[in-house]
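For the record, the sequence lines run as chains C and B. Under our numbering, the letters of the first sequence match residues 1 to 183, in that order. Under our numbering, the letters of the second sequence match residues 1 to 101, in that order.
These are calculated hints, taken from the structure and not from any lab test. None of the values given here were measured: they were computed from a predicted structure. For glycine and all other residues, C-beta sits at the position ideal for the given N, C-alpha and C. One or more hints might be untrue.
[Unchecked claim] Simulated crosslink set (PhoX-like; lysine-lysine; CA at most 20 Å straight-line):
(1) B:86 with B:26
(2) B:89 with B:26
(3) B:86 with C:178
(4) C:178 with B:26
(5) C:26 with B:86
[Claimed, not checked] Residues on chain C that point at chain B, a partial pick, calculated with CB under 7 Å:
(6) 8
(7) 49
(8) 61
(9) 64
(10) 153
(11) 175
Residues per chain, in single letters:
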Amino acid sequence: MNINLLLFYVLAFTAVGSAILIVSMKNLVRSLFLFFVTLFAVAGLYVFALADFVAVTQVIVYVGGVLVLMLFAFMLSNKVLLNDLQSGFKGVFSIPSWQAGMVSLALFTVLLTVVWQVATNQPQWITDAKEKQLLIQHHDNTIHHLGINLMTRFILPFEVVSIFLMMALMGAAHLARKEKRLQ
Amino acid sequence: MISLSHFLIVSALLFSTGMYAVLAKKNAILVLVGIELMINAAVLNLVAFGRYDGTFYGGQTFALFAIVLAAAAVAVALAIILNVYKHYKSINPDDINDLKD
């Protein structure tokens, strides 16, 4: 087996396995720290899809920002938030809620059929790109192309997203503010 | 070169795991983690398809946008969760059942 594929399988197994552990752990803090592992593994998968800049952004934004924000949010807040409703069952794994399991299994089968359809008859634009050799290659300078495209072809979504981000962060700061005491 | 369906199957697994977390978890922060897992699965799909767009890099660009939107969503959602906790003294989604205070 080729080493590339082997590494891909290791990363994919890490990502999916830790995701499944996250949803089956009883302890909130443990599952949040396991979320680190999932995010790192998914960043590794992005590298295998030749999207190194997206992988670096994932590590910076998610692991550096979002996850630390989540940890802060419940470590700074009240202690009751930390006790993850631990009444009754004591153990590593919680009793699964079978309705939710059924729904997500059904969703998984739907997604698998879609994957199967894509694999059997590929979309036209993919076969075109393969014929004309328009794929992203290993030696391409991804960041260079991404920067040029962000500033030319995708300038409108870029501006919209930046304004949206500013609005969302201002709204979050406003929501999380301590209310002034009335009276 | 790893084939497209490998990525798609991994992202389908991640997406349905996130779906399970959103449906089954009794803690709003874990529901948020489930949403993040689903967003990550979607970004993985974007990136995997984006490999076939070597001229405009559309997939990777929109993957970056999706990551930015996810960060904004987390910030707002955590603020909302803190407010909900202040109001209801609980972050179990089952307990939050009235619209006005």
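Here is what the structure says about each hint:
The hinted pair formed by residue 86 (chain B) and residue 26 (chain B) meets the criterion: a straight-line CA distance of about 17 Å does not exceed 20 Å. The hinted pair formed by residue 89 (chain B) and residue 26 (chain B) meets the criterion: a straight-line CA distance of about 14 Å does not exceed 20 Å. A distance of roughly 10 Å separates the Cα atoms of residue 86 (chain B) and residue 178 (chain C); the hinted pair therefore holds under the 20 Å criterion. At most 20 Å may separate the alpha-carbon atoms for a hinted pair to count; residue 178 (chain C) and residue 26 (chain B) exceed this at roughly 26 Å.
Restraint check for residue 26 (chain C) and residue 86 (chain B): the C-alpha separation of about 24 Å exceeds 20 Å, so the hint is violated. Interface hint status for residue 8 (chain C): upheld, as the beta-carbon distance to the closest one in chain B is roughly 5 Å, under 7 Å. Checking residue 49 (chain C) against chain B: minimum C-beta separation of about 4 Å stays under 7 Å; hint holds. Restraint check, residue 61 (chain C) versus chain B: the minimum CB separation of about 5 Å is within 7 Å; hint holds.
For residue 64 (chain C), the shortest C-beta to C-beta distance to chain B is roughly 10 Å, which exceeds 7 Å, and the interface hint is violated. This hint holds: residue 153 (chain C) has a C-beta 6 Å from the nearest C-beta of chain B, less than the 7 Å allowed. Annotation: residue 175 (chain C) was flagged as interfacial toward chain B, and the flag holds, the nearest CB pair being 4 Å apart, inside 7 Å.
Comparing the model with each numbered hint stated earlier shows that hints 4, 5, 9 do not hold.
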